[in-house]
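J.: Please model the complete structure; the sequences and the hints are all you need to start from.
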Amino acid sequence: MPPSRAAASQSLTLWGPPSTGKTTFLAALSVALIRRGPVWRVVGESEDSARRLIELTTALTDAREFPQATAGIGHYRWTLHGRVKRRVKRRRWFGSRQQDEDVNVSLDLVDPQGGLVSSSWSDRTAQGDLIANLESSSGILFLFDPIREFERGDAFEHTFGVLEQLAQRAKNRPGKRLPHYVAICVTKFDEVRVIATAEKLGLLSYDTEPPGFPKVADEDARELFAELCNVSRNGNAELVLPLLEQHFQPDRIKYFVTSAIGFYVDPRKGRFDPDDYQNRVQPNPASPEARIRGAIYPINVVEPVLWLSRQVSSDRAR
Amino acid sequence: MSDKPVQVTAEWALWGKEPRDVEYRLLRSSSGPFSARSFEELITRYSPGTLDTLPQVSVAWGTSSRDTYLAMIIHRTPRQGLYDASGRKVVLTYCFCVPFRELAAGPVSYRAMYDAFRQQRLLAADEAGLKVDLPVMSLPDQDRGMPMLAASLLLTNLPVCILGADRVDLGTRLAFIDSVMALLPYGMRATLSASTWTNSIFEEHKFRLFFTSAEREAKDHVLSWNPDRVVPVSHEGDGYLHWISTNTRSKMDLLATRTRPHDFRVLDIGQMVRELQDAWQGLSQYEADKPYSLDGSRSAETRQQPTLPLPAGDQEGMAVEAGGAVGTAVAARPTVKARPKATLTITREVQAVASLRSHRYAKRAHAATGLAVKLAMVMIVVAGLVLVLATVR
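Listed in order, the protein sequences are those of chains A and B.
The first sequence lines up with residues 555 to 872 when you count with my numbering.
The second sequence lines up with residues -2 to 390 when you count with my numbering.
Heads up, some of the hints might be wrong.
With a cut-off of at most 16 Å between alpha-carbon atoms, the simulated EDC-like pairs for lysine to aspartate or glutamate come out as follows [as the list claims (entries may be wrong)]:
| # | chain 1 | residue 1 | chain 2 | residue 2 |
| --- | --- | --- | --- | --- |
| 1 | A | 808 | A | 773 |
| 2 | A | 725 | A | 711 |
| 3 | B | 203 | A | 677 |
| 4 | B | 86 | A | 677 |
| 5 | B | 128 | B | 138 |
| 6 | B | 86 | A | 619 |
| 7 | B | 128 | B | 163 |
| 8 | B | 203 | B | 217 |
| 9 | A | 808 | A | 777 |
Keep in mind the hints are simulated off the structure, nothing from the lab.
T.: Following this line, the structure appears as structure tokens:
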């Protein structure tokens, strides 16, 4: 049996309907950390975990392919190594000062097959496994794909059943909401329709640093999420936001607008081009095969993971 | 063993995606007693996780209102690249379910099933099920050391995980599963779930015997394809390992005839081992009276076995009296001479004889107990009468 995991490890479960980009999100984590600078890096906890990390990352960067759809439930055991600033006390009368401290955050990133949360899924045991994973998680990354919602409109169906089962298991907490921290990620920010919606709402701004990517501030992410829910195919998506806020404690929810692959940047220009930014392409119009056009620039992939990790750590320190 | 192929009727299903789909679903299935819903449950329950290398094969089981079915699930890449609505590669899963009793009539190996089913093209005309001729199983000749260990560990009711076989081809891995199961009663295949590969990050899979790249955080027995570590065997598994490691070839012949479906639950295994012990005792006794061999190798093997002297005139009683540990049966086995040819029918006869003998002895014991009870009752009545008379006087 592999060595048992340290008590300080954090289990973060990704949750979302099929094809919302859960595995691609994880695959982009390593590149996102590299692009962010030298402070944080991700390392596989075992030889096998390291191999998975390499495979996922190189599929995006070298093969420029999207990962295969997950079958069953994937557990990625990775460790985040980084530095954080901690306030330490000086001798009396001298107050406190900030000090850099090395930290290791052991992550069990749970990536389930999207279909498991569907009410029509046949194998109730597998569904139970997913609910058990969600229940025991320290934090949840909820992925909402506005494109899929516009085309299929099944986010409510995939969310409602799971939340009801989670709430049922937590019924011995009368009157209380579920205790998890939840990072709600609006995915596929690189898609034209999502950018257009953000622009129409006046939520779009641009980075001053090259390559000058567009962005939506975290405090505006909830508004964009609510607006995108309103254009759902069947109108049920507008129920998703209140449903989540009804079940989880609002002060434990944070919204992010994300993209695992980011925008295309022409290497000769090195700048974001508002007329040519699609990084997901379809090489053969007759086939739905999707490829990644150029280098990936993940947007808000690290941030939700670090936010969840910090919240869970500070909760434990109390 | 007859060489005549066994005809089976296979229900089938195809699981995958069409270009407009984002989720895997049942694309087509036969319309027999194994329903589409049952296929969906079976395929999703026995998922090996995301597979990087294809093809891979899993075996599992399911039931309909009429039968227990053995399922062979083949995961493969489509002949032409197939992508779903999200632009991701699609893996196709072919599932074939055969009534277990039809396979047991052979019996038939997993390898034979795979060879037959991988060739099948599923057509609308086959909705009623595929009629397939499958060759009867021949006992595997490969090294039996690791299969024996795996077989005995399976009896502990914990999954057995094989590591280090990443570069071993599919055929060899499937043959290994066959070899392991050839060392257990054939009927245990009715409830076995095994896979030639499972993704190590999918820890919740439901396989009892599986190949993978890393052990999971579960109570699995772990074996290395190139054994370089000592694997502790529990007491339960140890007893079976001891039993199966002598006269293995003969015992495999016996095991191939034990086709009654068996569960892997501990209680059932205890019962199964007791039945095996009885059958082996019966076989030993039959061999003492009328020696035979199933093939040349077996006769050579059996002649070399050291034997314990039998009490004079007590040969018939041995089958019943040699209870306790499975290993006892091996030690008490009489000398066996070679006989040119035999069929499995003989083994079944022997089982019947052993069963009859057990029954006869059980009846005698029952009669003796009854007599003792009657005597005790008479004595109590007499004592009561004496007491009454003494009181009256």
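J.: With reference to the structure, classify each hint as holding or not holding.
T.: Against the structure, the hints:
1. Between residue 808 (chain A) and residue 773 (chain A) the alpha-carbon distance is near 9 Å, which keeps this suggested pair within the 16 Å criterion.
2. Of the supplied pair hints, the one linking residue 725 (chain A) and residue 711 (chain A) is violated, its CA atoms being roughly 21 Å apart against a limit of 16 Å.
3. Among the hinted pairs, residue 203 (chain B) with residue 677 (chain A) is consistent with the structure: their alpha-carbon atoms are about 12 Å apart, no more than 16 Å.
4. A threshold of 16 Å between alpha carbons decides the hint, and for residue 86 (chain B) with residue 677 (chain A) the separation of about 23 Å lies outside it, so the pair is violated.
5. Of the pairs offered as hints, the one joining residue 128 (chain B) and residue 138 (chain B) is violated, with about 29 Å between alpha carbons and a cut-off of 16 Å exceeded.
6. Of the supplied pair hints, the one linking residue 86 (chain B) and residue 619 (chain A) holds, its CA atoms being roughly 9 Å apart against a limit of 16 Å.
7. A distance of roughly 34 Å separates the Cα atoms of residue 128 (chain B) and residue 163 (chain B); the hinted pair therefore is violated under the 16 Å criterion.
8. About 12 Å separates the Cα atoms of residue 203 (chain B) and residue 217 (chain B), which keeps this hinted pair within 16 Å; it holds.
9. Proximity of residue 808 (chain A) to residue 777 (chain A) is assessed by CA-CA distance (about 12 Å); at most 16 Å being required, the pair is judged to hold.
Hints 2, 4, 5, 7 from the list above are not met by this structure, while the remaining hints are.
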